[in-house]
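Engineer: Chain order of the listed sequences is Z and R. Count the first sequence with my numbering and you get residues 1013 to 1127, in order. Count the second sequence with my numbering and you get residues 2 to 116, in order.
Hint data in this document are derived by calculation from the structure and do not stem from the laboratory. Built from N, CA and C at the ideal position, the CB exists for glycine as well. Some clues are possibly wrong.
Derived DSS-like pairs (lysine-lysine); straight-line CA-CA distance at most 27 Å [to be verified]:
hint, chain 1, residue 1, chain 2, residue 2
1, Z, Lys1069, R, Lys4
2, Z, Lys1021, R, Lys39
3, Z, Lys1056, Z, Lys1021
Output of the computed footprint for chain Z on chain R, the stretches with three or more beta carbons under 8 Å from beta carbons of chain Z [said to hold, decoys possible]:
hint, segment
4, 72-82
5, 90-103
6, 106-112
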Amino acid sequence: NAGVTQTPKFRILKIGQSMTLQCAQDMNHNYMYWYRQDPGMGLKLIYYSVGAGITDKGEVPNGYNVSRSTTEDFPLRLELAAPSQTSVYFCASSRTGTDSNQPQHFGDGTRLSIL
Amino acid sequence: AQKVTQAQTEISVVEKEDVTLDCVYETRDTTYYLFWYKQPPSGELVFLIRRNSFDEQNEISGRYSWNFQKSTSSFNFTITASQVVDSAVYFCALTLDTGRRALTFGSGTRLQVQP
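Chain R with its partners taken away, still in its complex shape (with noise of 0.2 Å):
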């Protein structure tokens, strides 16, 4: 079975300050696909990125970056210059390439960017 943990439950930072979320998953699978999704406190789940096993480079979209280490089956997204729009719950999730395909979640990180 797939695990994914996020241990961090809430992040507090001050405006402009650089954040790091920590994902770290577990599969015996060697083909999976990992996720990290944003829940602002409207409700609604926003897809952030999706990166494959196969696929460790790191990447860059604005002032988000993520880093896809196998070796010690981590998946952390850094937040840049933080923003108060950044507020929101975010979750890691991981799926496989076969059967279901459904998402396994982390239980979340809250991250509360103060102004």
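The following block holds chain Z by itself, in its conformation from the complex (with noise of 0.2 Å):
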């Protein structure tokens, strides 16, 4: 069972650079979410989405983007990467419903530089 799968692991860009962070997950969740750590600090929600085609915007979406067409998959883009987008950055899953509000699963993370 791999669960949720960022890739990748670490990545140094330089300012103005794009790329995008993968997430997958196999566990057939319904919700899925971005969120980046910067340090010494808790998670903040970056971008979330409820199914696939849907997607919303969380606390600090600014310089982001994200798309869900596939309930597998919740990538996440930087446009023009800036230092203040240096962090490590987590993608989560969770399944709702008549149980709701599971653990979220967590990836192991990316950790990001921007230079």
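Now that you have both chains on their own, put them together as the hints suggest.
Structural biologist: Structure, rendered in structure tokens:
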């Protein structure tokens, strides 16, 4: 059981470059999330999706975009990388339903540095 | 809006000591879920416990126990007879039963257990 898989694990970008952080889950979860974790802080929500074709902004969406064309995949795109986007990015998924708010399953994170 | 406060930034104990990590939350909703996650030095997030707002029973799992008190909006976590492997950052988090169901995290408490 792979759970939530994030790639890459580490990446260094130059200012102004773009990249896509990949996230895939194999648990048929409907909800998926992207969080960022800055040093010494808790995680903050960037974007989320409640199902294929449906996405919405979280607390800190500026500079990012997402798409959800399938249940399994939820990529996060940085269009013009800025130093403020240096962070650890976590993807998570959860199943909701009659027994709602099952714990979110997290990927191992992507450590991104913008120089 | 929801808020989770973990006032203890860092705690250092000696092995076999008991330690309590504090968590205070704010929400106007009556139905919500509280979580604790562990983040070891390797960086991944490990789910520890979920508690819903209607269940104030304390829970014990091995050396871990949780005390949920709605009257004080607290959800504290105690480790009994701490071990070096307990060294990690611990996050308390809250989610509602509606909407995006994303986690609102506290800023975390770093626990160092010295041998």
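Engineer: Take the hints in turn and mark each one as holding or not.
Structural biologist: Comparing the hints with the structure gives:
1. Only pairs whose Cα atoms come within 27 Å are accepted, and lysine 1069 of chain Z paired with lysine 4 of chain R is accepted, the gap being roughly 18 Å.
2. A threshold of 27 Å between alpha carbons decides the hint, and for lysine 1021 of chain Z with lysine 39 of chain R the separation of about 19 Å falls inside it, so the pair holds.
3. As the CA atoms of lysine 1056 of chain Z and lysine 1021 of chain Z are separated by approximately 19 Å, the hinted pair is consistent with the 27 Å bound.
4. Counting residues of the segment 72-82 of chain R whose beta carbon lies closer than 8 Å to any beta carbon of chain Z gives 0, which falls below the threshold of three, so the coverage claim is violated.
5. Residue count for the segment 90-103 of chain R with a Cβ under 8 Å from a Cβ of chain Z: 7. That meets the three needed, and the coverage hint holds.
6. With 4 residues having a Cβ less than 8 Å from any Cβ of chain Z, the segment 106-112 of chain R passes the three-residue criterion, so the hint holds.
Consistency note: the structure conflicts with earlier hint 4 alone.
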